[in-house]
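Chemist: For reference, the chains in residue letters:
Number of protein chains: 2
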Amino acid sequence: MNLSNLGEKKLIERLRRQLAQGGSRAGLVVDIGDDTAAFRVPGAEKLTLFTCDMLVEGTHFRRAWFNRPEPGENSAERLGWKALAVNVSDIAAMGGRPTFALISIALPGDIEAEYVDKIYAGLLKCAQEYGVIIAGGDTVGSPQGMVMDVSLLGEVEEKKLLRRSGARVGDLIAVTGPLGAAGGGLQIIEKTGGLCEARPQPQNPSYETSVEEALPPYVDSLVAALLEPKPRLAEGQALAATGRITAMMDLSDGLADDLPRLCQESKTGAIIHMEKIPVNPACEKAGLEALKLALQGGEDYELLFTFAPQNLAAITAALNAAGAPPPQIIGEMTSANEGIRLINPDGTTAELPEGFKHFGI
Amino acid sequence: MNLSNLGEKKLIERLRRQLAQGGSRAGLVVDIGDDTAAFRVPGAEKLTLFTCDMLVEGTHFRRAWFNRPEPGENSAERLGWKALAVNVSDIAAMGGRPTFALISIALPGDIEAEYVDKIYAGLLKCAQEYGVIIAGGDTVGSPQGMVMDVSLLGEVEEKKLLRRSGARVGDLIAVTGPLGAAGGGLQIIEKTGGLCEARPQPQNPSYETSVEEALPPYVDSLVAALLEPKPRLAEGQALAATGRITAMMDLSDGLADDLPRLCQESKTGAIIHMEKIPVNPACEKAGLEALKLALQGGEDYELLFTFAPQNLAAITAALNAAGAPPPQIIGEMTSANEGIRLINPDGTTAELPEGFKHFGI
Numbered sequence: 001m002n003l004s005n006l007g008e009k010k011l012i013e014r015l016r017r018q019l020a021q022g023g024s025r026a027g028l029v030v031d032i033g034d035d036t037a038a039f040r041v042p043g044a045e046k047l048t049l050f051t052c053d054m055l056v057e058g059t060h061f062r063r064a065w066f067n068r069p070e071p072g073e074n075s076a077e078r079l080g081w082k083a084l085a086v087n088v089s090d091i092a093a094m095g096g097r098p099t100f101a102l103i104s105i106a107l108p109g110d111i112e113a114e115y116v117d118k119i120y121a122g123l124l125k126c127a128q129e130y131g132v133i134i135a136g137g138d139t140v141g142s143p144q145g146m147v148m149d150v151s152l153l154g155e156v157e158e159k160k161l162l163r164r165s166g167a168r169v170g171d172l173i174a175v176t177g178p179l180g181a182a183g184g185g186l187q188i189i190e191k192t193g194g195l196c197e198a199r200p201q202p203q204n205p206s207y208e209t210s211v212e213e214a215l216p217p218y219v220d221s222l223v224a225a226l227l228e229p230k231p232r233l234a235e236g237q238a239l240a241a242t243g244r245i246t247a248m249m250d251l252s253d254g255l256a257d258d259l260p261r262l263c264q265e266s267k268t269g270a271i272i273h274m275e276k277i278p279v280n281p282a283c284e285k286a287g288l289e290a291l292k293l294a295l296q297g298g299e300d301y302e303l304l305f306t307f308a309p310q311n312l313a314a315i316t317a318a319l320n321a322a323g324a325p326p327p328q329i330i331g332e333m334t335s336a337n338e339g340i341r342l343i344n345p346d347g348t349t350a351e352l353p354e355g356f357k358h359f360g361i
Numbered sequence: 001m002n003l004s005n006l007g008e009k010k011l012i013e014r015l016r017r018q019l020a021q022g023g024s025r026a027g028l029v030v031d032i033g034d035d036t037a038a039f040r041v042p043g044a045e046k047l048t049l050f051t052c053d054m055l056v057e058g059t060h061f062r063r064a065w066f067n068r069p070e071p072g073e074n075s076a077e078r079l080g081w082k083a084l085a086v087n088v089s090d091i092a093a094m095g096g097r098p099t100f101a102l103i104s105i106a107l108p109g110d111i112e113a114e115y116v117d118k119i120y121a122g123l124l125k126c127a128q129e130y131g132v133i134i135a136g137g138d139t140v141g142s143p144q145g146m147v148m149d150v151s152l153l154g155e156v157e158e159k160k161l162l163r164r165s166g167a168r169v170g171d172l173i174a175v176t177g178p179l180g181a182a183g184g185g186l187q188i189i190e191k192t193g194g195l196c197e198a199r200p201q202p203q204n205p206s207y208e209t210s211v212e213e214a215l216p217p218y219v220d221s222l223v224a225a226l227l228e229p230k231p232r233l234a235e236g237q238a239l240a241a242t243g244r245i246t247a248m249m250d251l252s253d254g255l256a257d258d259l260p261r262l263c264q265e266s267k268t269g270a271i272i273h274m275e276k277i278p279v280n281p282a283c284e285k286a287g288l289e290a291l292k293l294a295l296q297g298g299e300d301y302e303l304l305f306t307f308a309p310q311n312l313a314a315i316t317a318a319l320n321a322a323g324a325p326p327p328q329i330i331g332e333m334t335s336a337n338e339g340i341r342l343i344n345p346d347g348t349t350a351e352l353p354e355g356f357k358h359f360g361i
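Just so you know, the protein sequences line up as chains A and B, in that order. As numbered in my numbering, residues 1 to 361 make up the first sequence, in order. As numbered in my numbering, residues 1 to 361 make up the second sequence, in order.
To be clear, the hints were calculated from the coordinates, so they are not data collected in a lab. Source: prediction; values computed, not measured. Each statement offered as a hint is correct.
For chains that are exact copies, the list does not tell them apart, and a pair is met inside one copy or across any two.
Derived SDA-like pairs: lysine to any residue, alpha-carbon spacing no greater than 20 Å straight-line:
1) K125 x I32
2) K9 x D110
3) K276 x E289
4) K267 x N337
5) K230 x G131
6) K9 x P353
7) K159 x A44
Extracted from the complex, chain A is given alone in its bound form (with noise of 0.2 Å):
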């Protein structure tokens, strides 16, 4: 069976079982399964966290998104940043705080060395902000498209460790904020021919017609949220800090996609009232389906996470110190019998859509 049929999930189960039957996996702490693998260093003082994302030209990402007509600040830069983020996204999932990146390349040879200097810069932006060191990397050529693969390492105190298999039936299931954005922004620069900012640009005057009225600025929103998505770095440490999460993850392919890895790795099922999921208002104003894209765009990078009724206040006033919105509360978690429900604001139960497929493209 070839990979279109058989799909990411299955084969990435598939990969998981026969990695187990590998032999000894002692050393760690957290195996395949969560947002990063976790182990004891002899000696240290805390966990190291291990996480690596793939960005593939043509899957992730489309060049043509990062070539505006004036290469300006916001253009290839974008690419590096992202390409770190969603790595400091998945150590930010676990409680943690990144340390030590490599980046892997691999350039076709007609890109222009500005353009690698840019993803550069944007990398460095990205380490410098959320206190990553670039220790080094592997860069290649390409006969085909573009790939970047960053892997990073962080580092947690075992006791602030925050797994996806801990939640339990009864917990509230939360999100750090509104969902969607990415999405919209996805859909937003795919309609406009991949420019990289919802502006009229003079060079496409047809661009300019048709879509100067229909996109107004604050789309840029959306764009930014797709191409410079910000990790929830501080909010997962102070999750992590109270000692009453359950259990977490980064939301990067989507609640209807995600939501059920939690819930396999906890054992539970979930109920999700669907008036409480917090959609993107710029998602609303752009005129998309904002609640489609909220359960299904992916690549929002809000963490969620899963925690008992009573310790509802306390984690409040830890967002709120680390300057962060209140948890939004979307649902409970049940018992895995009753499997994942939908409910509608009328009471009727809707079916979990699926998310995005890598191998259907």
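Since chain A is already given, all that's left is putting chain B on it; use the hints.
Modeler: Same frame as chain A, now just chain B:
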């Protein structure tokens, strides 16, 4: 300037300068420009090593190399083996021991799931051979070719750490074994239409008639050197344990490319005696340009190292105790202003040829 014109070496130098200007690198014991990065984890007994290597279809391998007419135990498994082995070699070059790996892989949708299973079987085989735990990774779709990027951690006692930068004028230059086999394997595999082993295949009569006589079974060793490299992990650790090695690196791009890197980091020149370069006997038997392959072929993953002449006996004994052949001495370190000179048997000087070019393809 595009990357084809700039070239890989200049691009990497440029990126290295850019990163160096990007803020504190205080945590790093070994920075960019060595086989791995190295840093201290607070409280840990040993240094942590961190490296990655990306293999791109069409740049580093062709899928046809692993598509034998009858899929056997040595087909796609070798791709998985190689992706991890080249990283183990980097850890070996620091005198270290590998620990945890992550596997990022971009897969076209038309690949069969069984093919991916084989890749993972090869990864696991290599992991078990060298004591690595595969702790996770990222599996994504690719609209074009396959890409694998392995990131690998390791550990080494700080006093045993070997770098590229410690060689001194007067040191002997040695390698752990004959060079050129992988380059020879590449020539053979490209000549024989990508068949993984140089044996007659009934499905391919033209190959059978044209190549059967020309390629006796011993060329299998050359193809295996390319597709299943054996990193010199025991040798690297034995050399590091002597405390008498001044600089070390692995030979991934060929002596002609790699020796200048070691000289640059050590701020030395070098004399290489051409007749002392250990060429691969199978290359000679196969009628290939054995010396040229030894200098330029690349991907041999033997170790290149330097030491003071009075330590030869101790180093030979250490390699012997590790079950390895004695050091093959190929030259001496000189002062930087003498550059790198290749001395022919007749005493004339030859120019250093150039190695493999990534962005040239």
